[in-house]
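These are the residues of each chain, in order.
There are 2 protein chains.
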Amino acid sequence: MNIYDIARISGVSIATVSRVVNGSQKVSEKTRQKVMDVIKAEGYTPNIFARGLGLDSMKTIGIMCPNIADNYMARAISHLEQNFHEYGYDCILGCSGHTREAKENYVKLLLSKRIDALVMVGSTYGGNGVEEKETAYIKNASKQAPVFLINSWIEGENIYCSNADDFSAAYEVTSALIRRGKKRILFLYDSETFSAKQKMEGYERALSDAGYPVLGDLKFRTKNEIHHARDLMLAYKNLEFDSVFAVEDGLAVAALKYAKVKGISVPEELSVVGYNNSPLSVSCEPELTSVDSRIEQQCYIAVENIVKVLEGNTEVSHRTIVPCEIVKRCTTDF
Amino acid sequence: MNIYDIARISGVSIATVSRVVNGSQKVSEKTRQKVMDVIKAEGYTPNIFARGLGLDSMKTIGIMCPNIADNYMARAISHLEQNFHEYGYDCILGCSGHTREAKENYVKLLLSKRIDALVMVGSTYGGNGVEEKETAYIKNASKQAPVFLINSWIEGENIYCSNADDFSAAYEVTSALIRRGKKRILFLYDSETFSAKQKMEGYERALSDAGYPVLGDLKFRTKNEIHHARDLMLAYKNLEFDSVFAVEDGLAVAALKYAKVKGISVPEELSVVGYNNSPLSVSCEPELTSVDSRIEQQCYIAVENIVKVLEGNTEVSHRTIVPCEIVKRCTTDF
DNA sequence: TTGAAAGCGGTACCAG
DNA sequence: CTGGTACCGCTTTCAA
Numbered sequence: 001m002n003i004y005d006i007a008r009i010s011g012v013s014i015a016t017v018s019r020v021v022n023g024s025q026k027v028s029e030k031t032r033q034k035v036m037d038v039i040k041a042e043g044y045t046p047n048i049f050a051r052g053l054g055l056d057s058m059k060t061i062g063i064m065c066p067n068i069a070d071n072y073m074a075r076a077i078s079h080l081e082q083n084f085h086e087y088g089y090d091c092i093l094g095c096s097g098h099t100r101e102a103k104e105n106y107v108k109l110l111l112s113k114r115i116d117a118l119v120m121v122g123s124t125y126g127g128n129g130v131e132e133k134e135t136a137y138i139k140n141a142s143k144q145a146p147v148f149l150i151n152s153w154i155e156g157e158n159i160y161c162s163n164a165d166d167f168s169a170a171y172e173v174t175s176a177l178i179r180r181g182k183k184r185i186l187f188l189y190d191s192e193t194f195s196a197k198q199k200m201e202g203y204e205r206a207l208s209d210a211g212y213p214v215l216g217d218l219k220f221r222t223k224n225e226i227h228h229a230r231d232l233m234l235a236y237k238n239l240e241f242d243s244v245f246a247v248e249d250g251l252a253v254a255a256l257k258y259a260k261v262k263g264i265s266v267p268e269e270l271s272v273v274g275y276n277n278s279p280l281s282v283s284c285e286p287e288l289t290s291v292d293s294r295i296e297q298q299c300y301i302a303v304e305n306i307v308k309v310l311e312g313n314t315e316v317s318h319r320t321i322v323p324c325e326i327v328k329r330c331t332t333d334f
Numbered sequence: 001m002n003i004y005d006i007a008r009i010s011g012v013s014i015a016t017v018s019r020v021v022n023g024s025q026k027v028s029e030k031t032r033q034k035v036m037d038v039i040k041a042e043g044y045t046p047n048i049f050a051r052g053l054g055l056d057s058m059k060t061i062g063i064m065c066p067n068i069a070d071n072y073m074a075r076a077i078s079h080l081e082q083n084f085h086e087y088g089y090d091c092i093l094g095c096s097g098h099t100r101e102a103k104e105n106y107v108k109l110l111l112s113k114r115i116d117a118l119v120m121v122g123s124t125y126g127g128n129g130v131e132e133k134e135t136a137y138i139k140n141a142s143k144q145a146p147v148f149l150i151n152s153w154i155e156g157e158n159i160y161c162s163n164a165d166d167f168s169a170a171y172e173v174t175s176a177l178i179r180r181g182k183k184r185i186l187f188l189y190d191s192e193t194f195s196a197k198q199k200m201e202g203y204e205r206a207l208s209d210a211g212y213p214v215l216g217d218l219k220f221r222t223k224n225e226i227h228h229a230r231d232l233m234l235a236y237k238n239l240e241f242d243s244v245f246a247v248e249d250g251l252a253v254a255a256l257k258y259a260k261v262k263g264i265s266v267p268e269e270l271s272v273v274g275y276n277n278s279p280l281s282v283s284c285e286p287e288l289t290s291v292d293s294r295i296e297q298q299c300y301i302a303v304e305n306i307v308k309v310l311e312g313n314t315e316v317s318h319r320t321i322v323p324c325e326i327v328k329r330c331t332t333d334f
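Protein chains in written order, with full-length UniProt numbering: chain A, 1 to 334; chain B, 1 to 334.
Hints are supplied without guarantee of correctness; some may be wrong.
As the list makes no split between identical chains, a pair holds if one copy fits it or if it spans any two.
[As the list claims (entries may be wrong)] Pairs of lysine-lysine residues, derived as DSBU-like cross-links and limited to a Cα-Cα distance of at most 30 Å, are as follows:
id : residue 1 : residue 2
1  : Lys183    : Lys223
2  : Lys40     : Lys59
3  : Lys133    : Lys197
4  : Lys260    : Lys328
Simulated from the structure, these hints should not be mistaken for laboratory data.
All chains should be modelled from the sequences, with the hints used to inform the complete structure.
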């Protein structure tokens with residue numbers, strides 16, 4: 001059942017059917033009704049490929065993230081999908097992992113699908129301090145379709161970003177711990193992504209501003225896997241700290257598990273702060289104080305902006321910084 | 001840059017370019033090389049819409065789930081995407097929620113995108129005991145594209161399913177608790193989906209087989225949200241139980257939180273078993289014994305089977321039942 | 001307000 | 001092995 005069939009049955013031309021389908025004003029009410037009835041009766045749906053061929057668009061957004069099994073990414077994609085759906089866009093998904101090559105291939109693939117725009121979720125896609133050539137493929141992609149980065153940051157004509165203010169959040173958390181008399185704040189991290197770096201800088205700045213030294217042995221890097229991280233911490237005999245600031249909730253929970261093994265009481269002897277306000281933070285015991293990076297709001301901004309750009313609006317801000325919120329629970333005494 | 005340009009530049013016909021692009025054997029090595037060079041030099045990519053128009057396929061799989069922010073779904077989608085990607089298929093995602101209307105609309109939408117197949121993840125899409133008319137839209141969809149249900153079950157010519165053996169898992173867990181002397185096993189659930197029903201039936205059967213009564217006041221339904229569930233349990237003054245079997249890890253964690261408030265020790269006074277083996281189960285304290293429904297394997301089966309069907313293979317099993325695994329941790333003494 | 005016809009960029013059949 | 005050409009189904013311009 002195609003447009004020709006509908007035209008034949010309703011006794012009009014395919015041009016008219018096309019106009020009816022696309023809600024053109026230049027059709028008499030009578031004709032419209034007649035055609036509509038036939039369309040309903042026959043259950044006709046326009047062929048999306050043919051339409052795509054003509055319009056060079058299928059109203060589809062490409063979404064990339066390193067790993068959708070991660071709660072943070074999953075929440076982001078959930079919001080993106082929902083918001084785009086309301087604007088009539090569909091989402092095609094790509095989980096790229098963290099290697100440059102895979103990321104590059106995925107971008108190429110999505111682009112070859114003639115997506116209307118590309119959204120990349122996660123701080124693995126670039127930011128301050130990342131080498132130019134590492135992100136060249138993204139700049140390249142932006143020549144073919146607008147690119148929106150969530151929690152990454154690259155400057156470019158057709159590139160838009162929304163970033164959590166991780167620096168400030170880390171600064172605040174660290175300062176709060178200092179105000180509570182903490183002397184040795186362990187910085188737990190699992191990668192050197194843009195956002196991890198921002199957090200580390202906030203942490204360092206807060207220490208400096210308080211006149212504290214930035215100690216290398218207080219920066220602890222490990223995989224974001226609870227048992228693995230806990231065991232690695234336990235293996236380091238000389239690890240001494242009175243508080244923990246982790247760049248991921250999973251790492252913070254690992255610190256909690258570490259405390260449990262060591263018989264250290266939280267928050268009395270040890271304060272712990274996590275990041276992302278994930279379900280983990282209310283599952284653990286005691287429940288975790290965690291920074292919420294407002295992923296929902298970031299996704300909202302992303303969709304609004306992308307849609308504006310696709311509508312030809314040129315007054316879209318290339319970077320939006322969203323403040324974080326510190327959700328206080330039981331692992332801190334502030 | 002289209003196929004005509006490439007043909008002109010390489011001095012051949014578009015038919016030959018098409019053959020080269022599609023790896024046809026009937027091209028001389030010399031011609032192939034010549035054309036390939038031009039393609040490389042010009043950075044030509046075939047227009048996917050035009051190709052789709054001709055072949056009526058874009059090698060795209062539609063994936064639906066109620067909510068991708070849920071860890072179980074996210075893991076499923078992650079595996080599906082990865083496996084399909086290896087076969088050269090892309091995934092377009094739809095988060096449908098749980099209402100019939102939304103689910104139906106999403107199916108319609110995905111179908112209108114001419115997806116090659118539809119994969120539906122979750123037990124919300126139908127199974128034993130669900131009314132025919134509730135799943136009619138899925139049977140209908142299967143006329144247009146093969147449908148694969150993960151953890152739902154509907155019989156139909158073009159419908160394929162993989163199901164966790166939730167009944168047996170629930171039976172085993174309940175029996176194990178009984179063997180440990182538990183007399184009042186609380187069944188915590190949050191919905192009446194197919195899988196929840198299977199679990200409940202396994203629970204009931206184990207009780208009956210052990211000569212225990214199936215008590216209505218030992219079935220507790222609440223939203224799958226840790227604090228909400230905990231508070232609801234606390235609000236019921238006469239709730240008495242010595243063990244908990246929850247259909248979701250979140251609910252099991254809620255039970256742990258309940259025990260914490262009540263000062264009940266786990267597992268000494270109370271045994272708790274969750275479901276899905278999610279990150280929650282290792283985040284909580286003590287760590288949760290949980291049923292792993294092998295989502296990874298189910299997704300693997302789904303992809304293998306779908307690909308077979310799409311290749312015209314007709315000997316594909318319409319239903320595969322995957323055994324679960326009980327992952328023993330600290331909230332039980334078995 | 002309507003229709004005829006020219007694309008859009010491929011695929012695949014049929015000749016040669 | 002290669003080229004010519006008829007589709008695929010829709011959008012849009014141009015005339016009427």
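Verification of the hints:
{"no.": "1", "hint": "Lys183 <-> Lys223", "in the structure": "within (25 Å within a copy, 42 Å between copies)"}
{"no.": "2", "hint": "Lys40 <-> Lys59", "in the structure": "both (23 Å within a copy, 28 Å between copies)"}
{"no.": "3", "hint": "Lys133 <-> Lys197", "in the structure": "within (19 Å within a copy, 54 Å between copies)"}
{"no.": "4", "hint": "Lys260 <-> Lys328", "in the structure": "both (21 Å within a copy, 20 Å between copies)"}
Comparing the model with each numbered hint stated earlier shows that all of them hold.
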